[in-house]
Amino acid sequence: MNVLFFGITREIVGTSELLISDLVNKPTVNDLKEYLMTRYSEFSKLTSFAVAVNNEYAKDNVPLGQNDEIAIIPPVSGG
Amino acid sequence: MKKTKIEIVNTIDTSNIFAQLSHAHSGGICVFIGTVREFTANEEVIALEFETYKVMALKEMEKIADEAVKKWNLNSVVIAHAVGAKKVEEPVVIVGASSAHRPECFEACRYLIDTLKERVPIWKKEMFKNKEVWVSAHP
Chain H
1 MNVLFFGITR EIVGTSELLI SDLVNKPTVN DLKEYLMTRY SEFSKLTSFA
51 VAVNNEYAKD NVPLGQNDEI AIIPPVSGG
Chain Y
80 MKKTKIEIVN TIDTSNIFAQ LSHAHSGGIC VFIGTVREFT ANEEVIALEF
130 ETYKVMALKE MEKIADEAVK KWNLNSVVIA HAVGAKKVEE PVVIVGASSA
180 HRPECFEACR YLIDTLKERV PIWKKEMFKN KEVWVSAHP
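Top line first, the protein sequences correspond to chains H and Y.
So the first sequence is numbered by the working numbering: it starts at 1 and just counts up by one.
So the second sequence is numbered by the working numbering: it starts at 80 and just counts up by one.
One or more of the hints may lead you astray.
Stated by the list, open to error - One-sided and incomplete, this derived list gives chain Y residues near chain H with beta-carbon spacing under 8 Å: (1) Y132; (2) V134; (3) K138; (4) P200; (5) W202; (6) V214.
These are computed hints drawn from the structure, not numbers from a lab.
Idealized CB from N, CA, C, for every residue including glycine.
Kindly produce the complete structure, drawing on both the sequences and the hints.
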C-alpha cells in the first residue's frame with residue numbers, strides 16, 4: 001500500500017510517500033500504526049497520530065485496501 | 080442563498096472579507112484573523128511554516144462550515160488558511176460568519192476557528208533562531 005506522510009511524520013520517515021508491502025492479510029489502521037511504531041521509534045514519542053483513509057479520519061479497526069488513499073496525520077496545529 | 084468560501088492559499092487577503100461575508104439577510108458579521116506572534120514562551124519566533132494535506136483539509140473545512148451554517152443559521156461563512164512561510168504579524172488564517180443577529184455570528188466564529196484547530200490537517204513549524212519545532216507534535 002502507498003502511504004502519505006505529513007509534518008513531523010514526513011521528517012521521521014524521510015519522505016512524503018512510502019510504498020509499504022510488508023503488511024499482508026487484510027491489514028487495518030491499527031496494524032499500520034503498530035508497523036510504523038515498530039519500524040520508527042520516533043513515532044512512539046509523538047503526542048498521538050491518526051490515519052486517514054480516503055481523506056477521512058479512520059478508526060483503528062478500519063481495513064486498508066490497495067486502492068485506498070492512506071495518510072498519516074500527526075497532531076494538527078493549524079491556526 | 081448562502082455564501083460560502085473555503086480555501087487554502089499562499090497569502091491571506093484580509094481586504095475583501097467584508098465583500099465575501101456581506102449578505103442582505105444578515106444584521107452582523109464577525110471575523111477572526113490569526114496572525115504570527117513574535118514570541119512563544121519568551122523565545123523569539125522568526126517565522127512559521129505551514130503545510131497541509133490539501134484535499135482532506137478542504138473537506139474538513141467544508142464540514143465545519145456546513146455544521147456552523149446549520150447550527151447558527153448563518154447566511155455566509157468564510158474559512159481560509161495560508162500555507163508556506165509566514166513572518167511576524169502576517170495573517171495565517173481568517174474565518175468569519177454573518178447572521179441575522181450578532182450572537183449567532185459571534186458564537187459561530189469561535190466554533191469555526193476552534194474546530195479548525197482541532198480537526199483540519201494543517202501543521203505549523205515554529206522557526207526560532209537556533210531550532211525548529213513542530214507545534215503540538217510532542218507531549
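Consistency of the hints with the structure:
no.: 1; hint: Y132; verdict: holds (5 Å)
no.: 2; hint: V134; verdict: holds (6 Å)
no.: 3; hint: K138; verdict: holds (5 Å)
no.: 4; hint: P200; verdict: holds (5 Å)
no.: 5; hint: W202; verdict: holds (3 Å)
no.: 6; hint: V214; verdict: holds (4 Å)
When the structure is compared with the earlier hints, no violation turns up for any of them.
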